[in-house]
Amino acid sequence: MKKLFIALAFLLSACGSHSNPEPTFLATPIAAPVEAAKVKTPRDGFMLETKSLYNYRKAEIAQLTPDEIQTRNANDIEEFMKFTPEVRVTGKTGAAVSSEEAQDIISATYSNPVVSPDVTRYQRPDVHIGYCFGRATFAHLALKKMGVQTSAIRKVWLVGPMKNGSVNWGFHVATAVYVENEGWRVLDTNLGEPLSVQAWFDRYSYMNTDRKLRIYFTEPARFGVTIPHYERVDLGLDLAEDVDWYQHYFFDLMKWFRETTLEDMGLARVKPATEAIAPSKTSLDDIYSKRESVP
395 MKKLFIALAF
405 LLSACGSHSN
415 PEPTFLATPI
425 AAPVEAAKVK
435 TPRDGFMLET
445 KSLYNYRKAE
455 IAQLTPDEIQ
465 TRNANDIEEF
475 MKFTPEVRVT
485 GKTGAAVSSE
495 EAQDIISATY
505 SNPVVSPDVT
515 RYQRPDVHIG
525 YCFGRATFAH
535 LALKKMGVQT
545 SAIRKVWLVG
555 PMKNGSVNWG
565 FHVATAVYVE
575 NEGWRVLDTN
585 LGEPLSVQAW
595 FDRYSYMNTD
605 RKLRIYFTEP
615 ARFGVTIPHY
625 ERVDLGLDLA
635 EDVDWYQHYF
645 FDLMKWFRET
655 TLEDMGLARV
665 KPATEAIAPS
675 KTSLDDIYSK
685 RESVP
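Here this note's numbering is used: the first residue of the sequence shown is 395, the next is one more, and so on.
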């Protein structure tokens, strides 16, 4: 338990922050063993799988100047925006949402009884938790419930020291989804509307204090900067509320997902894909594979 709390503490320095089955902990009773709930999705395009994004950035900035970091960010964003996801024809799922559906996810976040920024009951008395990673998890799981294929969902991370007024933090994360006729858009409740990756990056980069803020793209099931995948133990799903670091935030969120229909969420199933499309190639595949020697 001590190791778990140490790992979770890293999350609190931020945010104040092919066929893929529905994440198993959504369908698994709360009392199920932790071992049965590990979620991994296959690598299908520039999925940065390094254990610690903090360590990854640390190794990068030790070798690069601020200007070189900014060039790397610009190149990575450009390559990501070129990427079009694989589309599979299943009769039930799709690989894109409309711009209206993307906005609906943000609206659903605002009204959710667990993840809304207005909800304060999950705060700890000893440290403020921004829960950007909770809202990103909500967006990912809501998109899956809508029938969006995993290939069309990513998480986008900003790692580096940021400051806004008296608030300091070390990372931020949001979920990105592929939008029809627009490409990738980031769903960030803080900003109120879906944004291009570059616009999203620009809205936070001015808060960076060392000119070495890094942007990373990962598979959507990544939970935190030091936790590569959703795990029941990290989510606190098998813990009593009084020992759960998150005060049953994720316990209540998973219960809400199981008990709430899409209609009650203000969401709907996406249009099923009718034509199979192979994923586009991107140099980020090679770039990330070469960089991932960082522990």
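Hints are computed from structural coordinates only; laboratory data are not their basis.
One should not assume that every hint holds.
[Stated by the list, open to error] Below, in silico cross-link-like pairs of lysine-lysine (DSSO-like), each with a Cα-Cα straight-line distance of 27 angstroms or less: (1) Lys675 - Lys557; (2) Lys452 - Lys665; (3) Lys675 - Lys649; (4) Lys649 - Lys452; (5) Lys486 - Lys557; (6) Lys445 - Lys486; (7) Lys476 - Lys557; (8) Lys675 - Lys476; (9) Lys665 - Lys445; (10) Lys675 - Lys665; (11) Lys452 - Lys557; (12) Lys539 - Lys452; (13) Lys476 - Lys649.
Quickly compare the C-alpha distance for Lys486 and Lys557 to 27 angstroms and report which way the hint goes. Given pair Lys486, Lys557 is violated - Cα atoms ~44 angstroms apart, limit 27 angstroms.
Given the hinted pair Lys452 and Lys665, is their alpha-carbon gap at most 27 angstroms? Given pair Lys452, Lys665 is violated - Cα atoms ~42 angstroms apart, limit 27 angstroms.
For the pair supplied as a hint, Lys675 and Lys476, is the alpha-carbon distance within the 27 angstroms limit? 8 angstroms, holds
Distance restraint between Lys665 and Lys445, which requires alpha-carbon spacing of 27 angstroms or less: 35 angstroms, violated
Take the C-alpha atoms of Lys675 and Lys665, compute the straight-line distance between them, and say whether it is at most 27 angstroms. Distance of about 25 angstroms is within 27 angstroms: holds.
Pair hint outcome, Lys476 versus Lys557 [Cα-Cα no greater than 27 angstroms]: 31 angstroms, violated
Taken at face value, is the distance from the CA of Lys649 to the CA of Lys675 at most 27 angstroms? Violated, because 38 angstroms separates the two Cα atoms, which is more than 27 angstroms.
Given the hinted pair Lys452 and Lys557, is their Cα-Cα distance within 27 angstroms? 19 angstroms, holds
Is it true that the CA of Lys649 sits at most 27 angstroms from the CA of Lys452? 37 angstroms, violated
If you draw a straight line from the CA of Lys539 to the CA of Lys452, is it 27 angstroms or shorter? Roughly 36 angstroms between the alpha carbons, so the hint for Lys539 and Lys452 is violated.
Pair hint outcome, Lys675 versus Lys557 [Cα-Cα no greater than 27 angstroms]: Roughly 36 angstroms between the alpha carbons, so the hint for Lys675 and Lys557 is violated.
Given the hint that Lys445 pairs with Lys486, does the C-alpha gap stay at or below 27 angstroms? 33 angstroms, violated
Checked against the numbered hints above, the structure breaks hints 1, 2, 3, 4, 5, 6, 7, 9, 12 and 13 and satisfies the rest.
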